[in-house]
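This is what each chain is made of:
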Amino acid sequence: MSVALLLRRMPWITRLGLLLVFLFAFLAAFGPWLAPYPEAEPVADVWQPIGTVGFPLGTDTLGRDMLSRLLYGAQRSIGLALVITVLSFTVGSVCGFLAAIAGGWADQAASRVVDVFMSFPALILALLVLSVMGSSLPVLVLTLAFIDGTRVFRLARAVAVDLNVMEFVEAAKLRGEGIWWIARKEILPNALPMLLAEFGVRFCFSFLLISALSFLGLGIQPPAADWGGMVKDNAQAIAFGLPAPLLPAGCIALLTISVNLVVDFLLDQASRRSRRG
Amino acid sequence: MLLQIEDLRIDGTDVDGNSVEIVKGVSLEVDRGQVLGLIGESGAGKSTIGLAALGYVRPGCHFAGGSVRLDGQELVGAPVGQLLDIRGRRVAYVAQSAAAAFNPAHRLLDQICEVHRRHGLGPRAEAERFAVELFGKLGLPDPERFGQRYPHQVSGGQLQRAMTVMALITRPDLVVFDEPTTALDVTTQIEVLAAMRRAIREQGAAALYVTHDLAVVAQMADRILVLRHGAAVELGETRQILEQPRQDYTRALVSVRRGAHERHGGHERSVVLAVDRVDAAYGAQQVLFDVSLRVERAATVAVVGESGSGKSTLARVITGLLPPRSGQVRFGGEVLSNDLAGRSKDHRRRLQLIYQMPDVAVNPRQTVREIIGRPLAFYLGMHGDALRRRVKELLARIELPAHFADRFPGELSGGQKQRICIARALAAEPELIICDEVTSALDPLVADEILNLLLRLQEESGLSYLFITHDLATVRAIAHEVVVMQRGRVVDSGGKDQVMAPPFHDYTGKLIRSVPEMRTDWLDEVLAGRV
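Those sequence lines, one after another, are chains A and B. The numbers in the working numbering rise by one with no breaks, and the one at position 100 of the first sequence is 100. The numbers in the working numbering rise by one with no breaks, and the one at position 36 of the second sequence is 36.
Bear in mind the hints are in silico, worked out from the structure with no lab data behind them. Be aware that one or more of the hints could be misleading.
To be verified - Okay, derived cross-link-like pairs now, DSS-like style, lysine-lysine, Cα gap no bigger than 25 Å in a straight line:
| id | chain 1 | residue 1 | chain 2 | residue 2 |
| --- | --- | --- | --- | --- |
| 1 | B | Lys345 | A | Lys173 |
| 2 | B | Lys496 | B | Lys510 |
| 3 | B | Lys345 | A | Lys185 |
| 4 | A | Lys185 | B | Lys392 |
| 5 | A | Lys185 | A | Lys173 |
Stated by the list, open to error - Quick look at which bits of chain A chain B covers, simulated, 3 or more residues with Cβ under 8 Å:
| id | region |
| --- | --- |
| 6 | 160-168 |
| 7 | 180-190 |
Claimed, not checked - To list a few chain A residues with every Cβ distance to chain B over 12 Å, as calculated:
| id | residue |
| --- | --- |
| 8 | Leu67 |
| 9 | Gln75 |
| 10 | Ala110 |
| 11 | Val113 |
| 12 | Val129 |
| 13 | Ala197 |
| 14 | Pro245 |
| 15 | Leu267 |
Predicted, not measured: the structure shown is a model, and the values here were computed from it. Each residue gets a CB set at the ideal place from its N, CA and C atoms; glycine is no exception.
Given only the sequences and the hints, what does the whole structure look like? Please build it.
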């Protein structure tokens, strides 16, 4: 299906979502260059209101420029969430597919290990690992990707188990195809819609998890800006009737919604196609 | 006139939201005491017309014109309250799948009497008495207590009869049967048909009988309306339709069921496949007992039996999906490994399988080229131009145009998908193809085309077929030899002429007598013969 046709089919709400996703992606890519001030330097009085001359979004709890920190934070928050989600999906779905196709003890072993990790609440497990290993960026990424990956594994395996008993997979096995070929050519294309839907949700969850960890002080370390941490830093402003924490919170919400608008549309397209066949 | 449908037109929408005509100006009349059969392939609009007799259209469809009158009362565009009053009370509906139509959480009697209560037709005790009477008339076991059971506690055939009771409980003027016996075994089908016919006659009700099986409708209907693509092809007395069809399409429908092909040339043949004394089990449950058979080169062996006879399990053993407990499978003189993993690529190539449901046998997200091309690349190492050329040749052999190579299975009809499955098997250049009920999911005309294709391919390439089926008309059409299975054992085998002609083996005879024949008095004869 051509891109032009896809665009023409989109309802306006999906176009809006897509536009916002592109906007966020642009800000994430070029944020540091667009930012008028450095991210960590106090440049004005504390908690200047929105619309102050020179500081269109005001300043934060230490007098740092809110707009600049949001732009820096965009790169860090979105980039991290993206890396974590892509990583967890690659590993999780590959392992899930292989476990489902192989079956037997390999499937049992992998599934039980995953069960063990899934029995811990994600946040507690993340806190545990991060407080033992220290909160560096690679540790953060790998930990969250692993935790997310266990969830993806469960989904990918469940979908693949259903597909694995379909006759076209049986036909491939009878032909003598290898497990890797079956996973890639027979299972993946049919599991993609479901994985795509989960991707939209997981992306936002890992975003929120990073925010939560930053909020608890174990995520991204100050003075580096990230949206979750910014909500925490400025939380007291609410008590004074200032909107400062609502700005990063609003960004998180807006990104979450726009990603899901796009994913919804893709899902709808996928189900249309499979309904026809 | 009880039901009068005039120039009925119903429109629907397809997945892309385009309007399509489903019923294109059909007229028909049914009077009290009459049964009208609606027959046609899927997509003929026969179920849609059946539902229209209740003043109902499926979601997404709407009446585009014409009228449906019950005793002179117009149903098209009638207020919902009026329709609700008519449905179930004056016009009742018996659906194709009784298992899906009953609520598993309630007892049968409660569900049956609900219609009676909803229409305020009197005390429940009266309804119960009548239900018990109907249970008896429809030949259900232990009528007094049958209603106390839950849907899962009775068989498919009994459930289908229970649904007929549900339809008749309000003494309706008209009953619409929508393929009520399609899901049943041939032997059960007879009992259900006989019971329905008796019940309708005794109540003096009229009926619309929707089906794709001409032989079934021949037992039920006084007149038959043949439909195709939403339009009427031919309307006539049942006997006239069967014996002197006026339209080409009707003639094609009738001849499909009567069709027969003869075996060609009879020279010395070598054995391709030999199954020797195979026992097989799923877990603790043994499914195959001491099964042996052989298939000769360029010959077709049909394995027949009811569902549960183990014929599909036999296919799984031969293909290596289910290792047998004992016994062996020999192929071209060599012993095949019991286990799929132990079989060589060459063995796998020479033995191909075609499935019953073409919809799930091809990957919906691969193009036809990918589906057919994969065995070529995998077994024969073809690629590039050679592969493209070969895919084109294969498409030509299965009589599909070359541009189909770039289509997805979703864009093909059921028959075309089955052709793709055949092409995929052919691509491997096999010696034996196992056909597992390959025509039972297809409309009769399409099924006949597929059988003809398989026969032609056999003549061209000297293929052998192991044909698994429960349809004896198919066996007559293509088999050279027949193996009859019952409960996991081979009970009868030999040449087709020997097995399928008197004197019959007991079980073979029962199977053969259970297949509806295209005579209007067939059902009466069978029932008379049973007493």
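*Do the alpha carbons of Lys345 of chain B and Lys185 of chain A lie within 25 Å of each other, as the hint requires?*
Distance ~20 Å between Lys345 of chain B and Lys185 of chain A Cα, so the pair holds.
*Is Lys185 of chain A within 25 Å of Lys173 of chain A, Cα to Cα?*
The hint holds at about 12 Å.
*Is the Cβ of Leu267 of chain A more than 12 Å away from each Cβ in chain B?*
15 Å, holds
*Beyond 12 Å from chain B, beta-carbon-wise, is Gln75 of chain A?*
Answer for Gln75 of chain A: holds, closest chain B Cβ roughly 36 Å.
*Classify the label on Val113 of chain A as holds or violated, using whether its beta-carbon is more than 12 Å from each beta-carbon of chain B.*
Correct as stated: the minimum Cβ-Cβ distance to chain B is 26 Å, above 12 Å.
_12 Å cut-off, C-beta based - Leu67 of chain A kept clear of every residue in chain B_ = 45 Å, holds
*Checking the smallest CB distance to chain B, is Pro245 of chain A really beyond 12 Å?*
About 45 Å separates Pro245 of chain A from the closest Cβ of chain B, which puts it past 12 Å; holds.
*Is Lys185 of chain A within 25 Å of Lys392 of chain B, Cα to Cα?*
Holds, at about 22 Å.
*Grab the minimum beta-carbon distance between Ala110 of chain A and chain B and tell me whether it stays above 12 Å.*
Check passes; 21 Å lies beyond 12 Å.
*For the pair we were handed, Lys496 of chain B and Lys510 of chain B, check the Cα-Cα distance against 25 Å.*
16 Å, holds
_Holds or violated: Lys345 of chain B and Lys173 of chain A, Cα atoms, limit 25 Å._
11 Å, holds
*Tell me if chain B covers the region 160-168 of chain A under the three-residue, 8 Å CB rule, please?*
holds (count 3)
Taken one by one, the earlier hints all hold for this structure without exception.
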